[in-house]
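Mind docking chains B, C, D and E with the ligands on chain A? Use the hints.
So the protein lines, in turn, are chains A, B, C, D and E.
In this text, residue positions in the first sequence follow our numbering: the first is 1049, and each later residue adds one.
In this text, residue positions in the second sequence follow our numbering: the first is 1049, and each later residue adds one.
In this text, residue positions in the third sequence follow our numbering: the first is 948, and each later residue adds one.
In this text, residue positions in the fourth sequence follow our numbering: the first is 948, and each later residue adds one.
In this text, residue positions in the fifth sequence follow our numbering: the first is 7, and each later residue adds one.
Rather than coming from a laboratory, the hints here were simulated on the basis of the structure.
Be aware that a few hints might be false.
[Unchecked claim] Mimicking EDC-like on lysine to aspartate or glutamate, the simulated pairs with C-alpha atoms at most 16 Å apart in a straight line are:
hint, chain 1, residue 1, chain 2, residue 2
1, E, LYS158, A, ASP1070
2, E, LYS93, A, GLU1112
3, E, LYS93, E, GLU233
4, E, LYS158, E, GLU238
5, E, LYS93, E, GLU238
6, E, LYS18, E, GLU238
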Amino acid sequence: MGKPSPDAAELQAQGLECIRGDRLLFCDLSFDLAAGELLAVEGANGAGKTSLLRILAGLSLPSEGSVVWRGHAIARRRAEYCAEMIYLGHQGGLKMDLSPLENLRLWLTLAGLEANDDAITHALATVGLDGYQDAPTRILSAGQRQRTALSRLLLSAAPLWILDEPFTALDTRGLTLVRQLLDRHADRGGLAVLTSHQPIEVSGPLRSLVLA
Amino acid sequence: MGKPSPDAAELQAQGLECIRGDRLLFCDLSFDLAAGELLAVEGANGAGKTSLLRILAGLSLPSEGSVVWRGHAIARRRAEYCAEMIYLGHQGGLKMDLSPLENLRLWLTLAGLEANDDAITHALATVGLDGYQDAPTRILSAGQRQRTALSRLLLSAAPLWILDEPFTALDTRGLTLVRQLLDRHADRGGLAVLTSHQPIEVSGPLRSLVLA
Amino acid sequence: MDSLVAAFLALLRRDLMLAFRHRGELANPLIFFLMIVTLYPLGVSPDVNLLRQIAPGVIWIAALLAALFSLENLFRTDFDDGSLEQLLLSPQPLPILVIAKVLAHWLVSGLPMVLLAPLLGLLLSMPATAVKVLVASLAIGTPLLSLIGAVGVALTVGLRRGGLLLTLLILPLYIPVLIFATSAVSAAAAGLPVAGQLYLLAALLALGVTLAPFAVAAALRISLS
Amino acid sequence: MDSLVAAFLALLRRDLMLAFRHRGELANPLIFFLMIVTLYPLGVSPDVNLLRQIAPGVIWIAALLAALFSLENLFRTDFDDGSLEQLLLSPQPLPILVIAKVLAHWLVSGLPMVLLAPLLGLLLSMPATAVKVLVASLAIGTPLLSLIGAVGVALTVGLRRGGLLLTLLILPLYIPVLIFATSAVSAAAAGLPVAGQLYLLAALLALGVTLAPFAVAAALRISLS
Amino acid sequence: MWTFLHKFASPKHFYRIAGKMIPWLAALTVLFMVAGLYFGLFVAPPDYQQGESYRIMFIHVPSAWMSLFVYVFMAVAAAIHLIWNIKLADVMASSSAVLGASFTFLALATGSLWGKPMWGAWWVWDARLTSELILLFLYLGYIALVAAIDDKRAAGRAGGVLILVGVVNIPIIHYSVEWWNTLHQGPTVTKFDKPSIHLSMLLPLLLMAAAFQFYFFTLVLMRARTEVLERERRSAWVEELLG
Ligand code: HEM
Ligand SMILES: Nc1ncnc2c1ncn2[C@@H]1O[C@H](COP(=O)(O)OP(=O)(O)OP(=O)(O)O)[C@@H](O)[C@H]1O
Ligand SMILES: Nc1ncnc2c1ncn2[C@@H]1O[C@H](COP(=O)(O)OP(=O)(O)OP(=O)(O)O)[C@@H](O)[C@H]1O
Ligand SMILES: [Mg+2]
Ligand SMILES: [Mg+2]
Chain A
1049 MGKPSPDAAE LQAQGLECIR GDRLLFCDLS FDLAAGELLA VEGANGAGKT SLLRILAGLS
1109 LPSEGSVVWR GHAIARRRAE YCAEMIYLGH QGGLKMDLSP LENLRLWLTL AGLEANDDAI
1169 THALATVGLD GYQDAPTRIL SAGQRQRTAL SRLLLSAAPL WILDEPFTAL DTRGLTLVRQ
1229 LLDRHADRGG LAVLTSHQPI EVSGPLRSLV LA
Chain B
1049 MGKPSPDAAE LQAQGLECIR GDRLLFCDLS FDLAAGELLA VEGANGAGKT SLLRILAGLS
1109 LPSEGSVVWR GHAIARRRAE YCAEMIYLGH QGGLKMDLSP LENLRLWLTL AGLEANDDAI
1169 THALATVGLD GYQDAPTRIL SAGQRQRTAL SRLLLSAAPL WILDEPFTAL DTRGLTLVRQ
1229 LLDRHADRGG LAVLTSHQPI EVSGPLRSLV LA
Chain C
948 MDSLVAAFLA LLRRDLMLAF RHRGELANPL IFFLMIVTLY PLGVSPDVNL LRQIAPGVIW
1008 IAALLAALFS LENLFRTDFD DGSLEQLLLS PQPLPILVIA KVLAHWLVSG LPMVLLAPLL
1068 GLLLSMPATA VKVLVASLAI GTPLLSLIGA VGVALTVGLR RGGLLLTLLI LPLYIPVLIF
1128 ATSAVSAAAA GLPVAGQLYL LAALLALGVT LAPFAVAAAL RISLS
Chain D
948 MDSLVAAFLA LLRRDLMLAF RHRGELANPL IFFLMIVTLY PLGVSPDVNL LRQIAPGVIW
1008 IAALLAALFS LENLFRTDFD DGSLEQLLLS PQPLPILVIA KVLAHWLVSG LPMVLLAPLL
1068 GLLLSMPATA VKVLVASLAI GTPLLSLIGA VGVALTVGLR RGGLLLTLLI LPLYIPVLIF
1128 ATSAVSAAAA GLPVAGQLYL LAALLALGVT LAPFAVAAAL RISLS
Chain E
7 MWTFLHKFAS PKHFYRIAGK MIPWLAALTV LFMVAGLYFG LFVAPPDYQQ GESYRIMFIH
67 VPSAWMSLFV YVFMAVAAAI HLIWNIKLAD VMASSSAVLG ASFTFLALAT GSLWGKPMWG
127 AWWVWDARLT SELILLFLYL GYIALVAAID DKRAAGRAGG VLILVGVVNI PIIHYSVEWW
187 NTLHQGPTVT KFDKPSIHLS MLLPLLLMAA AFQFYFFTLV LMRARTEVLE RERRSAWVEE
247 LLG
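Excised from the complex, chain A in its bound form:
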């Protein structure tokens, strides 16, 4: 892990500890992430990657330590943090009975952004869902659902992305697309924390954190 450089660091993990049941998954885990940096969380199945990402997103509480965003503990400034962060978990958070368009419209409004149908349709086309924007999500294939969830990344300007296995179920063109998205995000000074069991080939530097 890189040295702490508190001035530049936007996202800081400070002494995180996570206990699930009787098992200590990790303890005293600290890192800093500055603008433009991507962090790959690695580890075998069951190492605690998902648990860490949920803590970073503020969904669960660490048993010790805290997550700091731009100098403030996220528990204190939840609203501001949520406005600047996108979390994509194992589940897409899509309503099966609504169309991708309707799903994204709601998500944008909840995120405090303006829901512009043209922009959404465009984003869906970019991820390869041309013609599916009005179909119920239920009929989409596994990969198509994942693409719908990923199209959020195109629609928001949030500087922090937290992505749990974003490559699941994607075909090769889907993989390339997400890699490009990550590259562009880093170029613009965005931050990302992600996990993946497939190699993450991005053009910029990729830091990695290994959970044992």
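Below, chains B, C, D and E with the ligands alone, put in the same frame as chain A:
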């Protein structure tokens, strides 16, 4: 696709057609698979791989054509076919409130096999779930659940495997494990139809079927 | 044959185990009935005579609702986690497996009601003869509720938010059971013979046990395709 | 502020849309309610005097059970597909979003009952003055049922098979509502003043609207952690 | 005072201090119980209406009071836990639940024993009786919820929310007798301005009430101590303690 060789072919798809909603996913799809052959079904997201596999497993009906196993249409001899086939879908079919051991025990009994606790524990250890056999499946990570589902392959002698994205959520050691399983299965004269967006590296020959 | 028996028992055992895994769950049906019955003195009137009069109907309606409430668990959870798929892929005859699941459902939701009925009858001050008939009618009627319910659930399991649709399908089928059963109990309270109604219920049950499993199996295959 | 209003409306709209997407769903709570009420003449007794006497209680208990039945949909589906997670990650204040969801639930499950009550009162031969009070009590009481129910669902949403547990948690909290409401209706039928009970209900509603959303928000965060 | 509280709230000190308090509390329980029983059974005169059967009051009333008190105690503890995130408060709340449920059950059982000679029935659907039954359900709901959640921390907080929401029922139970004219006794003791009960009956009643209080605190501390050990089993001091 290989030439039809009806004598040796154990599994035959005869003029399958699948229509979902308004879309024709594939039509007039035929292939034969002989003992010891592995078939990779390829295609972009939404091409119809899952739909095909569910038809092969007898879970849904094709709009045209039929699936033939050892000379008999599977719809006619469901029980015999089910006894010789394992299907692993996107969902593992695991009860979250039961332990892996209990889950597998039930599955074996339902499959008409003898449920031997030692054998199950051994299989679970082989897929890397040592020590988890009595924990509720709910607490397992995504990869650990997938491993539990895959351990069925070790416990049954069914000659036909139908696997929908068996590599999902697995780490590199998990991948290797499944590849070895596939190799051994082919060596013993088993058949497998599988999908995957990751390269399937097996030592024997791998036929492939591309859905457009 | 042996392996069929083994599969039947294993499935039954699993469903019971799932129901009782959480330590508290075992007591829940008991408390559920007690609570529903408690609503009446509170909402309607604590008057003993009135309570005695409405008691059979109230207890039977509670049994009906309890069955309805717990039906969702019969196949819905299995559907969601894909284990229903695996059940359909078992080489064993599906109707038999269905019977195992329905039996488990009845043991968890119906049987406690049968066992608890005397206590509830007492709380609502029913006469002793009527209580006996009440227990008999519940013993014959509640398995029927589970069987009919299973058909409904099997038909709606593939649909999201099938809860209310399910009610719509099932309640009309429950009503004959309710009518025969409560009329038997009222007849007993009035000192009239009750064998007729109970035989009818038993005939319905025989019909249900033989036909419902096939209907459920067919409905499941359709729902999953 | 504007974006909060937009989020509130969007969430409300989505939940209503989901409820009405399946064409049949709109009519369902209504039919459920009607059916439960028809069970009584069948299961209890068709005697008009008796029915009139038990009518307020029966209608209210039906309202209560209908609320209980439909509650599962309030957060459970959102939990299963991960959209609850996304709701919690919205920068908007969670209690406000919770109000939108509860409002949608009430519009689908509670409001139809309020509108239907006069008809049911008629069916069970209630006097006209009592019907008016019944409607008023339902109008004040059913939102309360949705609010209280939301707390229970939020607490149990992370647990598999929460159905019976949910009942155990919620029914005790529903009982005060039931008591005040039915005593108001009975008082009206007896020609007594009812303002007291209705004010009390209204006070409970005010309390519920201000406090429950916070409790729900807290419970959701706990359930998902 | 504040520092003392903070010190007390740390599991380690709680374990030690509670260990010292328990024998004293147990002794007080026995003392008050013996005195209460003596005055109640031998000194207090028979009632001019009810004869001897009224003596069940010395169990019934204190346990009924305790059933309410324990709930309020749990609610306060839950509030402290949720607001200041003091874990010990949660330990207190969850250790009290079973005791509260037992007191409620005891009040119900003794009440219906008393009801048989008084009203001629074990059970009537009267407002106070019913609301006491509801209180039992509230306790059971809390216990079931906490048992159903695997993660102890989440279970404690979820239970806390439930307890706080349920507090609304407490005044309803207490005032139910005044709101509805029912069979059950109106407030006799708690009307302080003009107690409508004779001193010779009041004294044993108060003694028994005190005994029940001490009994509750003794048990709660004992349960809390085991609970603390269980929760802190990974910490250094527990490992040291258990060798
Ligand atoms: C199952 C039956 C009964 C239950 C559940 C029950 C419940 C209660 C409760 C909850 C209280 C505490 C009220 C408060 O402090 O707010 C109480 C107090 C009391 N009960 Fe009962 N009771 C029952 C039967 C009886 C009977 C049969 C009698 C005798 C006629 C009786 C006499 C009293 C008295 C004298 C008090 C003290 C009232 C006061 O000063 O606050 N109870 N009971
Ligand atoms: N309640 C619990 N009790 C005990 N262990 C638990 C509990 N919950 C989770 N775990 C364990 O915590 C570990 C971490 O799970 P997590 O989902 O974070 O892993 P992961 O790194 O994301 O794995 P994967 O690559 O498979 O997705 C797993 O080994 C799991 O078994
Ligand atoms: N009811 C329906 N109406 C219209 N189209 C449907 C319906 N059901 C499925 N489809 C479409 O059928 C296609 C095939 O889906 P399937 O799940 O078989 O794809 P897949 O090849 O497994 O994709 P993936 O790689 O993403 O898993 C998808 O494009 C989906 O949108
Ligand atoms: Mg994971
Ligand atoms: Mg697929």
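Need the status of pair LYS93(E), GLU238(E): alpha-carbon distance at most 16 Å?
holds, 11 Å
Between the alpha carbons of LYS18(E) and GLU238(E), is the straight-line distance 16 Å or under?
Given that 16 Å is the threshold and the Cα spacing comes to 9 Å, the pair holds.
Holds or violated: are the alpha carbons of LYS93(E) and GLU233(E) at most 16 Å from each other?
This hinted pair holds, its Cα atoms lying about 11 Å apart.
Can the restraint linking LYS158(E) and GLU238(E) be considered satisfied, given a maximum Cα separation of 16 Å?
holds, 12 Å
Run the distance test for LYS158(E) versus ASP1070(A): straight-line Cα separation, threshold 16 Å.
holds, 11 Å
Between the alpha carbons of LYS93(E) and GLU1112(A), is the straight-line distance 16 Å or under?
Cα-Cα ~14 Å, so holds.
In terms of the numbered hints stated before, the structure departs from none.
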